[in-house]
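Chains as they are written, first to last, in numbering that gives the first Met the number 0: chain A, 0 to 264; chain B, 0 to 264; chain C, 0 to 313; chain D, 0 to 313.
In case anyone wonders, no lab produced these hints; they're calculated from the structure.
Mixed in with the good hints there might be a few duds.
[To be verified] The list that follows gives simulated cross-link-like pairs (lysine-lysine, DSSO-like), each with its CA atoms no further than 27 Å apart:
id, chain 1, residue 1, chain 2, residue 2
1, B, 41, A, 41
2, A, 41, D, 151
3, C, 256, B, 41
4, B, 41, B, 106
5, D, 211, C, 256
6, A, 196, D, 256
7, B, 196, C, 256
8, D, 151, C, 151
9, C, 150, D, 151
[Said to hold, decoys possible] Computed list of chain C residues with no C-beta within reach of chain A, every gap over 12 Å:
id, residue
10, 117
11, 211
12, 276
13, 310
[Unchecked claim] For each label pair, taking beta carbons as the anchor points, the in silico distance ranges come out as:
id, chain 1, residue 1, chain 2, residue 2, range
14, B, 129, D, 60, 39 to 47 Å
15, A, 196, D, 312, 17 to 25 Å
16, D, 312, A, 176, 28 to 36 Å
17, A, 196, D, 63, 41 to 49 Å
All of these numbers come straight from a predicted model, not from anything done at the bench.
Note that the Cβ used here is the ideal one computed from N, Cα and C, for glycine as well.
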Amino acid sequence: MIIDDNARVITNKMIIPAHYVMEIHSPDIALKALPGQFLHIKVTNNTSPLLRRPISIHMRDREKGSISILYRVVGTGTQLLSHYKPGDRINIIGPLGNCFPLAAEFKRIAVVGGGIGTAPLLFLALEAVNSGRDVLYIEGARCRDALLLSEHLGNSGCRVMVATDDGSLGYRGFPTELLKSRLERESFDAVYACGPKPMLKGIKKLSLEYRTPAFISLEERMGCGIGACLSCVCKVIADGGRGAEYRKVCTDGPVFPAEAVMFDE
Amino acid sequence: MIIDDNARVITNKMIIPAHYVMEIHSPDIALKALPGQFLHIKVTNNTSPLLRRPISIHMRDREKGSISILYRVVGTGTQLLSHYKPGDRINIIGPLGNCFPLAAEFKRIAVVGGGIGTAPLLFLALEAVNSGRDVLYIEGARCRDALLLSEHLGNSGCRVMVATDDGSLGYRGFPTELLKSRLERESFDAVYACGPKPMLKGIKKLSLEYRTPAFISLEERMGCGIGACLSCVCKVIADGGRGAEYRKVCTDGPVFPAEAVMFDE
Amino acid sequence: MSDIIFEVRIKGPDPKRELIMKNPVMTASGTFGFGREYSRLYDLNRLGAITVKGITIEPRRGNPPPRLIETPSGILNSIGLQNPGLEGFIGDELPYLRRLSTPVIVNISGNTIEEYAFLASELDRVEGVSALEVNVSCPNVKEGCMAFGIKKDSLFSVVSAVRKSTTLPVIVKLSPNVRDIAEMAETAENAGADAVSLVNTFLGMAIDIDRKKPLLANTFGGLSGPAIKPIALRMVWEVYERVDIPVIGMGGIMNWKDAVEFILAGAASVAVGTANFVNPTAPLEIIDGIENYMIREGINDIRELIGLGHRLPA
Amino acid sequence: MSDIIFEVRIKGPDPKRELIMKNPVMTASGTFGFGREYSRLYDLNRLGAITVKGITIEPRRGNPPPRLIETPSGILNSIGLQNPGLEGFIGDELPYLRRLSTPVIVNISGNTIEEYAFLASELDRVEGVSALEVNVSCPNVKEGCMAFGIKKDSLFSVVSAVRKSTTLPVIVKLSPNVRDIAEMAETAENAGADAVSLVNTFLGMAIDIDRKKPLLANTFGGLSGPAIKPIALRMVWEVYERVDIPVIGMGGIMNWKDAVEFILAGAASVAVGTANFVNPTAPLEIIDGIENYMIREGINDIRELIGLGHRLPA
Ligand SMILES: Cc1cc2nc3c(=O)[nH]c(=O)nc-3n(C[C@H](O)[C@H](O)[C@H](O)COP(=O)(O)OP(=O)(O)OC[C@H]3O[C@@H](n4cnc5c(N)ncnc54)[C@H](O)[C@@H]3O)c2cc1C
Ligand SMILES: Cc1cc2nc3c(=O)[nH]c(=O)nc-3n(C[C@H](O)[C@H](O)[C@H](O)COP(=O)(O)OP(=O)(O)OC[C@H]3O[C@@H](n4cnc5c(N)ncnc54)[C@H](O)[C@@H]3O)c2cc1C
Ligand SMILES: Cc1cc2nc3c(=O)[nH]c(=O)nc-3n(C[C@H](O)[C@H](O)[C@H](O)COP(=O)(O)O)c2cc1C
Ligand SMILES: Cc1cc2nc3c(=O)[nH]c(=O)nc-3n(C[C@H](O)[C@H](O)[C@H](O)COP(=O)(O)O)c2cc1C
Ligand code: FES
Ligand code: FES
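The whole structure should be built from the sequences, with the hints applied where relevant.
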């Protein structure tokens with residue numbers, strides 16, 4: 000079942016400029032949620048903006064019966080989201096989509112988040128650590144002040160590395176470059192990533208180059224969010240590599256094996 | 000000139016259920032406003048609801064550079080209005096429309112407000128009292144708890160009378176009936192009224208019956224609010240009573256001589 | 000349930016194959032997949048009917064993404080009839096749908112008149128199909144489809160061909176991208192349609208001012224949602240005045256009030272489309288809302304409400 | 000002001016009577032009165048052109064109220080061409096407009112072809128009139144107007160008649176209530192139009208579910224505002240591909256980004272309509288916004304931008 004919940008906002012706080020974390024009381028969704036899944040959120044009761052907004056589940060707290068989202072204000076919808084106050088009701092549908100596959104044999108994993116793409120990865124990293132895996136968490140950001148997660152991960156048991164475009168903290172350059180340098184030194188059973196398209200392309204390349212399975216979370220404009228409208232497709236390899244077909248990001252994804260995804264130029 | 004102001008909200012408080020008073024800092028409009036004029040208010044930055052909302056000027060404070068509105072939440076627009084907080088910016092255009100004519104020879108006047116129609120009349124009554132006129136203020140409401148103004152007028156120097164549909168305070172019945180009983184006992188140089196259509200019809204009847212000029216403030220759905228779109232027309236008598244024509248509530252009104260207004264059945 | 004008569008019927012040539020809906024609310028093709036998706040949210044047996052995604056003979060891959068753009072109070076889509084094809088539908092989707100008590104309407108599209116006729120005759124005897132909706136109004140495919148629905152002669156040919164190929168009730172889905180939709184409805188009626196449904200989407204577009212190119216990969220898309228409601232409602236009003244067959248109204252219906260407007264304008268049944276994306280339980284809320292409205296207004300039979308807007312004195 | 004070439008010209012048969020706009024932004028007929036109203040808010044000399052409310056030979060009273068209904072991201076109006084008539088316009092409104100440096104476009108409507116021709120010939124020599132916009136697309140009057148604009152032959156006749164009656168630039172305002180607006184634009188061009196403007200409003204309606212009757216006293220109204228933008232933009236795109244005369248684009252333009260979309264689609268000039276009600280200084284913000292966009296994009300001449308969306312590789 001998908002849960003359609005008029006849920007209560009617990010907190011909604013800016014963590015760095017334009018980036019917010021909202022905690023929402025929704026016990027049923029908290030119970031069922033898996034890392035990589037998302038919510039489809041109604042941001043207004045008016046007809047503009049009309050559609051819901053898909054936002055990943057960033058954290059969940061089963062005891063408290065809550066889930067959190069981490070979002071960046073980029074347009075009207077996320078702007079409206081940032082106006083919610085504790086106690087307000089917000090209509091959410093979820094948990095939606097597939098999840099990052101944490102197969103039993105994936106014991107040493109790398110998790111790579113670029114910018115706001117790091118949102119769904121905290122949940123994943125913590126689940127992985129809690130299930131006894133060795134987790135390298137790489138976060139990439141424009142600069143030191145744009146980093147989103149590193150602190151939270153500090154005493155989580157993950158190894159944390161940071162890449163900033165301007166070198167203001169950690170490695171100077173893209174998180175994919177940092178991952179590449181790790182792949183030269185250590186081997187991983189799987190890589191998980193979410194972030195801007197060029198980064199995900201880079202991950203796909205590394206996955207093929209180092210023969211390491213990689214799972215990437217995609218974004219596409221969504222209508223229904225539940226697989227009914229066929230709006231949100233991405234192109235994947237079909238027929239054993241000879242053909243291509245469109246798969247739905249909302250239900251076949253948002254997580255896809257990197258090697259299957261066809262990035263058009 | 001019409002002022003287009005991104006004004007600051009000073010306060011926005013519920014006075015009785017569903018009824019709010021908002022005070023707005025807008026020195027230029029405060030300076031120019033006349034009783035009976037209105038503001039055209041942008042209630043959202045989204046495209047739905049698309050149009051501005053016309054709301055009368057309820058009070059002004061020239062020293063403070065502020066104007067107040069008194070409004071009832073009846074739909075999406077007024078709902079959005081009620082969400083504004085002190086310090087928020089609100090875009091208003093005004094002052095718009097004509098005004099209640101306080102001709103020098105109108106020394107004894109009656110002011111009649113029904114329901115939310117009482118909103119523009121406080122400003123009028125206070126101006127009239129301050130200019131040395133004798134003012135009888137009749138407020139009509141469903142019941143005692145729905146009365147909006149009576150207290151404010153208490154020590155204003157107006158004579159205040161109240162009519163409630165259920166008799167829970169003052170006269171039991173419509174404010175027009177109360178006015179009629181006053182017209183039997185005393186004479187007025189002019190009557191001013193705002194309220195539901197049936198009440199305004201009643202005022203027109205009394206105006207003709209007692210040969211007392213009456214000025215009524217009308218409402219119509221508005222587009223531009225400044226006379227350009229011809230959306231907001233009402234039917235008035237033309238050609239010395241032989242014809243009819245449409246006049247704009249926003250610029251030819253909102254205040255019309257009661258005798259000129261043609262109320263269609 | 001109250002004593003309200005809420006049932007709506009669409010008669011076809013075969014009295015035994017009437018389309019019987021327990022209430023006047025159905026889903027609009029392409030916005031409800033093959034039903035299964037929404038069954039994860041509520042019991043589909045509550046719906047009056049389910050219209051499934053448009054089917055073609057062969058599977059179709061659809062248009063490249065992006066396929067969806069949000070516009071003020073609306074959306075533009077250019078899905079391009081992605082579907083599993085007739086066999087895929089019958090094999091993979093229909094078995095589930097067949098288990099529901101809700102009748103299933105299959106929306107069909109073709110590139111040629113023969114394709115429409117073939118689909119109709121193939122589906123004619125398939126168990127679990129209660130009616131056909133002839134989509135001659137999809138604006139998102141290069142050939143066929145809308146091209147048939149915007150000209151009288153081709154519309155007549157398609158509908159006649161389908162009519163000859165099935166005894167199922169035939170609903171013709173009209174395009175709003177015409178000058179006189181009532182004339183098109185009349186043409187469909189004359190060609191043997193048992194009902195008309197309207198409107199499909201309006202052809203529209205959006206441009207990316209940074210890339211200076213259309214936002215949709217397919218350039219154009221179909222506009223749906225509340226933005227189009229005033230036009231769709233007017234078209235239902237006009238069609239109701241010109242045809243005697245039932246009218247299925249749609250276009251921007253978000254809630255029961257919108258639905259009642261369409262029924263007053265002449266719709267015997269309403270379809271919920273884009274609203275499913277915004278509020279997945281919209282169809283249920285609309286069913287309840289219409290019923291409560293009828294109770295409040297003292298109207299016992301939905302048939303009294305249909306087109307009532309035309310009958311009351313001014 | 001930067002070095003940007005922002006001027007837009009519409010050539011008529013008489014080289015001395017070209018319509019020269021200092022920038023590509025004008026106001027849409029019926030949404031800007033006779034200009035004077037908005038002069039209380041800003042300096043009208045900043046506008047590229049002012050198109051005044053539709054004029055008929057005789058004064059018209061217009062339709063009974065209510066004349067305006069808000070719809071999702073749009074409005075329905077049924078003003079019904081209330082106007083002071085030709086003489087009233089020339090006597091009471093034009094003297095004020097004449098004092099502006101901004102050119103004035105007079106929007107004309109008639110019940111017969113002769114009326115259009117008469118208005119055109121009367122206005123031909125009136126000082127202060129820079130161009131005529133032939134309104135064959137107003138949906139709010141019983142006779143004439145839109146009836147002329149939705150059929151090719153009558154459109155051709157009206158435009159030819161107007162063409163013969165004036166050497167002013169003639170702009171033909173097209174109705175979107177047609178199947179193929181590009182064909183109508185072509186017809187107007189063949190009949191001698193110097194430019195086409197589109198779109199006028201879409202015929203729509205709304206129903207009061209309590210009274211069970213249409214909300215507008217006139218039953219139908221014209222839909223405008225952001226709701227229609229995707230359709231209007233598509234129509235401008237299509238027309239641009241079919242005619243060689245300038246296209247004036249409008250329909251839901253609320254801000255400079257919308258305006259740039261229309262220019263990329265092929266509009267040589269844009270008209271601001273409903274947006275005036277929402278944000279009276281919208282036209283000025285749009286002028287500045289387009290200019291800043293051109294600077295940012297390194298485009299020096301507005302003519303490079305017109306229709307650019309068609310020319311870039313995919
Ligand atoms: C499965 C999924 C999970 C997501 N998780 C998160 C998350 O955890 N945190 C977060 O901040 N964001 C997330 N996003 C992105 C988020 O949905 C968008 O940022 C949001 O919908 C933008 O809404 P808006 O109204 O603020 O911006 P809009 O005004 O709608 O758009 C702003 C800009 O973003 C572009 N855009 C909007 N939506 C999309 C889209 N779906 N795909 C591509 N471009 C788009 C628009 O074209 C525009 O340029 C996720 C998206 C998906 C599909
Ligand atoms: C000159 C003028 C002065 C006004 N002054 C005040 C005031 O001081 N205080 C106050 O509370 N209200 C005032 N009003 C009324 C106020 O403008 C409306 O209540 C408001 O616009 C409703 O907006 P909404 O979005 O909340 O409701 P909507 O959802 O737009 O409408 C709610 C209901 O009211 C009806 N309605 C909305 N607007 C109008 C209208 N203009 N005329 C007739 N029916 C309408 C709708 O049809 C609907 O039934 C005034 C109106 C005018 C024209
Ligand atoms: C994403 C999407 C896909 C659609 N696919 C189809 C289709 O396959 N066949 C069809 O006849 N109509 C299709 N439609 C049109 C709808 O059935 C409906 O006619 C239209 O959306 C108007 O209704 P609405 O405004 O309630 O959505 C589609 C609409 C949308 C939004
Ligand atoms: C209230 C109103 C009155 C209008 N009157 C006229 C008119 O007299 N002549 C005309 O050609 N168009 C008229 N129009 C149409 C507009 O000029 C314009 O074509 C249409 O509104 C679409 O643009 P918009 O969405 O920016 O408003 C009118 C529109 C509105 C909203
Ligand atoms: S958003 Fe509807 S299918 Fe994915
Ligand atoms: S609201 Fe536009 S003329 Fe009155």
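Proposed proximity, residue 256 of chain D with residue 196 of chain A (alpha carbon, max 27 Å): Distance ~26 Å between residue 196 of chain A and residue 256 of chain D Cα, so the pair holds.
Given pair status - residue 256 of chain C, residue 211 of chain D, alpha carbons within 27 Å: holds (11 Å)
Cβ separation of residue 196 of chain A and residue 63 of chain D, checked against the hinted range 41 to 49 Å: Given range 41 to 49 Å: violated, Cβ gap about 57 Å.
27 Å Cα cutoff - pair residue 150 of chain C, residue 151 of chain D: At roughly 16 Å apart (the allowed maximum being 27 Å), residue 151 of chain D and residue 150 of chain C satisfy the hint.
Non-interface label on residue 310 of chain C, tested against every C-beta of chain A at 12 Å: Check passes; 30 Å lies beyond 12 Å.
Given as non-interface: residue 117 of chain C, partner chain A, CB spacing beyond 12 Å: Consistent with the label, residue 117 of chain C stays out of reach of chain A, its closest Cβ about 24 Å off (over 12 Å).
Pair hint residue 41 of chain B and residue 41 of chain A, alpha-carbon separation not exceeding 27 Å: holds (23 Å)
Holds or violated: residue 41 of chain A to residue 151 of chain D, with C-alpha atoms at most 27 Å apart: violated (46 Å)
Holds or violated: residue 196 of chain B to residue 256 of chain C, with C-alpha atoms at most 27 Å apart: Judged against 27 Å, a Cα distance of about 26 Å means the pair holds.
Given hint residue 41 of chain B paired with residue 256 of chain C - CA-CA distance at most 27 Å: With a Cα-Cα distance of about 26 Å, the restraint between residue 256 of chain C and residue 41 of chain B holds, given a limit of 27 Å.
Minimum Cβ-Cβ distance from residue 276 of chain C to chain A exceeds 12 Å: Non-interface label on residue 276 of chain C violated, nearest chain A Cβ at 4 Å vs cutoff 12 Å.
Residue 60 of chain D and residue 129 of chain B - C-beta distance against the hinted 39 to 47 Å: Given about 41 Å between the Cβ atoms, the range holds.
Taken one by one, the earlier hints fail for this structure at numbers 2, 4, 12 and 17, listed in ascending order.
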